[in-house]
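Chemist: These are the residues of each chain, in order.
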Amino acid sequence: MNGSKAHVLASIRASLNRSGPLPASVARSLQARLARPRANLKPVVGADLTAHFTAQLEAVSGKVTRVASIDAVAEVVATHMRSYDLGARLVVAPDPALEGIPWSNRLSVERRAAAGDDRVSVTGAYAGVAETGSLVLLSSPESPTTLNFLPDDHLVVLREVQIVPHIEDVWVRMRSDKRRMPRTVNFITGPSKTADVEQTIQEGAHGPRRLHVILVSE
Amino acid sequence: MKSTAAKFKKSVRVSLGDPDLQRAMGFIKSGFVKNRRAAVERLPEFDELRRLARGIKEHTLQNLDFYLEAYEERVQASGGHVHWASTPEQACEIVVDICRRAGAKRVTKGKSMVGEEMGINDALEQAGLEPIETDLGEYIIQLAEEPPSHIIAPAVHKTKHQITELFHTHHARYGYTERQTEVPALVDEARQVLREKFLSADVGITGANFLIAETGSSVIVTNEGNGDLTNTLPRVHIVTAGIEKIVPTREDASTLLRVLARSATGQEMSVYTTFSTGPRRSDDLDGPSEYHVVLLDNGRSQMLGNAFHEMLRCIRCGACMNHCPVYQGIGGHAYGWVYVGPMGSVLTPLMVGLDEAGDLPNACTLNGRCREVCPMEIGLPDMLRELRRRQYQDRQTSRTSRTALAAWSFLARRPRLYRRLMGAAVASLAWLGRRRGRFRHMLLAGGWTSVRDLPAPQGASFQNQWRKRRGDAQP
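For the record, the sequence lines run as chains A and B.
Counting in the working numbering, the first sequence runs from 1 upward without gaps.
Counting in the working numbering, the second sequence runs from 1 upward without gaps.
Hints are supplied without guarantee of correctness; some may be wrong.
To be verified - With a straight-line cut-off of 30 Å between C-alpha atoms, the simulated DSBU-like cross-links for lysine-lysine are:
hint : chain 1 : residue 1 : chain 2 : residue 2
1    : A       : 42        : B       : 34
2    : A       : 5         : B       : 2
3    : A       : 5         : B       : 197
4    : B       : 468       : A       : 63
5    : B       : 34        : B       : 2
6    : B       : 10        : B       : 160
7    : B       : 105       : B       : 9
8    : B       : 197       : B       : 34
9    : A       : 63        : A       : 42
10   : B       : 105       : B       : 2
11   : B       : 197       : B       : 7
12   : B       : 197       : B       : 9
Stated by the list, open to error - Quick look at which bits of chain A chain B covers, simulated, 3 or more residues with Cβ under 8 Å:
hint : stretch
13   : 30 to 43
14   : 78 to 90
15   : 204 to 212
Calculated directly from the structure, the hints in this document are not laboratory data.
Yeah, the Cβ is synthetic: ideal placement off N, Cα and C, and Gly gets one too.
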């Protein structure tokens with residue numbers, strides 16, 4: 001289909017009353033727009049980012065538990081698993097930020113990507129977005145994407161300092177961290193749901209039935 | 001997908017007489033319409049965002065060739081492939097070819113309107129592949145062997161009872177023999193059946209809500225998570241997208257996302273908004289090893305710069321159909337092709353031909369609600385009017401309506417005669433209908449009165465009443 005590209009571009013240019021590509025000067029200004037993206041309008045977000053993030057996520061059935069330090073994560077996960085009767089197997093993302101969590105020795109903990117029958121995953125996150133109550137996860141060897149979608153229960157460890165006001169702040173942070181786009185950037189805003197049967201909202205469509213954020217203050 | 005838009009009038013009769021459909025359509029007002037209004041009211045910046053979103057799309061369209069090439073470069077730099085297709089047939093060939101080379105058998109699919117436009121499922125089946133829709137609504141209509149009736153809620157015309165029966169018929173072979181009658185059990189059964197398909201698929205095909213030139217990313221939004229299982233688990237990920245989906249930067253996509261979810265479902269953000277860029281990296285533990293994008297033109301490039309240019313701003317949110325009294329009455333199937341409601345009544349004639357879909361632009365009361373709620377401020381009523389004008393110009397309208405229009409135009413250019421005749425007609429109709437207040441039959445208006453009564457006029461024409469009131473109001 002080599003001819004198709006030329007055909008489509010020629011048709012676009014004909015409709016725009018041009019016989020060839022944009023003049024070099026115009027193309028340069030567009031290249032500059034791409035090289036230095038600017039945010040458009042960002043809606044007002046409350047000054048207390050943690051409170052805003054929590055309220056937004058809870059409004060879409062996400063659960064948020066605040067803990068003082070990373071050491072408390074193990075207990076929250078164990079309680080969650082007990083209360084939903086999720087067994088004793090746990091898959092944890094191979095994320096350095098999640099190393100050293102004192103998991104109960106009653107749990108079998110594996111650090112890998114998810115398989116189809118895993119029931120519970122624990123991952124970190126790159127950021128939280130206060131505006132929408134979203135978690136942002138970047139795919140990498142430390143954060144395999146399947147952990148975000150296959151298990152019934154997804155628990156996410158997020159530090160309060162990772163919460164940014166707006167979606168755009170995630171892009172700014174990625175640029176300043178010199179992080180190129182990974183294969184996947186997931187914005188996750190609540191548990192999986194569907195309204196395809198008579199517009200009745202039902203959680204646990206294909207992805208996790210429950211999303212539980214453990215928010216670490218320290 | 002093959003169009004049945006030519007049978008519009010017949011299909012409308014069927015739809016209006018279908019009690020299940022009428023019941024199901026009632027859910028649109030209580031769901032989408034109410035939720036959208038609430039979401040818009042919660043965001044004081046909505047109108048300003050809408051203006052900006054429109055500007056972003058316009059800027060991109062004016063430089064579409066540049067942004068498409070910039071996008072292609074970035075996709076290639078991230079290890080992906082871009083394929084260009086002028087026609088749906090070419091796009092299908094490309095997709096089938098990728099599947100064949102990957103030795104694929106089973107193909108999972110996220111919801112894609114461009115996929116519907118291509119008729120990709122038929123093409124895959126003919127090539128001996130097994131396409132499986134994974135969005136719950138799309139899955140339901142795939143089982144029912146029906147086309148979608150709404151662009152974001154494809155099975156909105158189905159009642160729970162119908163879904164119960166469908167699942168009962170099709171899931172017995174997986175061992176689910178009990179009839180599920182409640183929503184949670186129905187959703188759960190589909191989850192289990194489809195989970196197996198996700199895990200065994202060789203290729204995953206998704207659409208794209210946006211393509212980003214800055215990074216070479218494709219963006220999808222879903223609530224179910226089916227799109228992500230589709231683009232993460234198989235060996236090959238194929239994205240099918242129209243060429244108008246491109247936006248310059250991630251920041252621009254962020255602005256558009258703010259108006260998309262609110263306009264579509266009344267959510268502030270869909271549950272899953274996913275940016276895909278290339279295949280898995282060498283050290284990734286999961287993800288597909290091939291990433292392909294098929295860019296489809298299918299007449300879009302020719303809409304640029306002409307009377308239908310604005311239609312290319314459409315972000316497929318569905319607000320226009322949710323708020324359309326005609327769509328609410330007849331549902332999506334009557335429109336006879338992929339796109340339905342007001343946006344469909346513009347796109348279908350442009351993509352499959354005005355002669356085939358000539359009834360669609362006329363199935364509109366020009367009440368303007370679609371334009372009011374459109375996040376991209378697309379002048380849908382103006383475009384529908386333009387299509388009507390072209391029909392008239394190309395003599396595609398019936399002799400009766402041409403004669404009637406000619407008579408009306410003769411009168412309309414003679415205001416005094418018009419007023420006198422209308423005054424007389426209104427007065428005599430009011431007198432004739434004075435007892436019942438309406439007419440069961442009306443000469444020359446049999447098409448109208450065959451399915452409803454014509455209300456009798458109240459005695460004076462609008463112009464007469466207007467003159468009188470204005471006279472009263474003056475000191």
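Chemist: So, for every hint listed, does it hold in this structure?
Modeler: Verification of the hints:
Distance hint between residue 42 of chain A and residue 34 of chain B is fulfilled; the C-alpha atoms sit about 25 Å from each other, no more than 30 Å. For a cut-off of 30 Å, the pair hint linking residue 5 of chain A to residue 2 of chain B stands: about 25 Å separates their Cα positions. For the given pair, residue 5 of chain A sits about 34 Å from residue 197 of chain B by alpha-carbon distance, which is inconsistent with the 30 Å threshold. Between residue 468 of chain B and residue 63 of chain A the CA atoms are separated by roughly 64 Å; this puts the pair beyond 30 Å, and the hint is violated.
Between residue 34 of chain B and residue 2 of chain B the CA atoms are separated by roughly 34 Å; this puts the pair beyond 30 Å, and the hint is violated. Taking the CA atoms of residue 10 of chain B and residue 160 of chain B, the gap is near 26 Å; set against the 30 Å cutoff, the hint holds. Among the hinted pairs, residue 105 of chain B with residue 9 of chain B is inconsistent with the structure: their alpha-carbon atoms are about 40 Å apart, more than 30 Å. Taking the CA atoms of residue 197 of chain B and residue 34 of chain B, the gap is near 35 Å; set against the 30 Å cutoff, the hint is violated.
The hinted pair formed by residue 63 of chain A and residue 42 of chain A meets the criterion: a straight-line CA distance of about 26 Å does not exceed 30 Å. With a C-alpha separation of about 25 Å, the suggested pair residue 105 of chain B and residue 2 of chain B falls inside the 30 Å cut-off, and the hint holds. Straight-line distance between C-alpha atoms of residue 197 of chain B and residue 7 of chain B comes to about 36 Å, which puts the hinted pair past the 30 Å bound. Proposed proximity of residue 197 of chain B and residue 9 of chain B is contradicted: the alpha carbons are some 39 Å apart, above 30 Å.
Coverage of a stretch by a chain is defined here by at least three residues with a beta carbon nearer than 8 Å to that chain's beta carbons; for the stretch 30 to 43 of chain A and chain B the count is 10, and the condition holds. Residues of the stretch 78 to 90 of chain A lying with their CB closer than 8 Å to a CB of chain B number 0, which falls below the three-residue condition for coverage. With a threshold of 8 Å between beta carbons, the proposed coverage of the stretch 204 to 212 of chain A by chain B holds, since 5 of its residues qualify and at least three are required.
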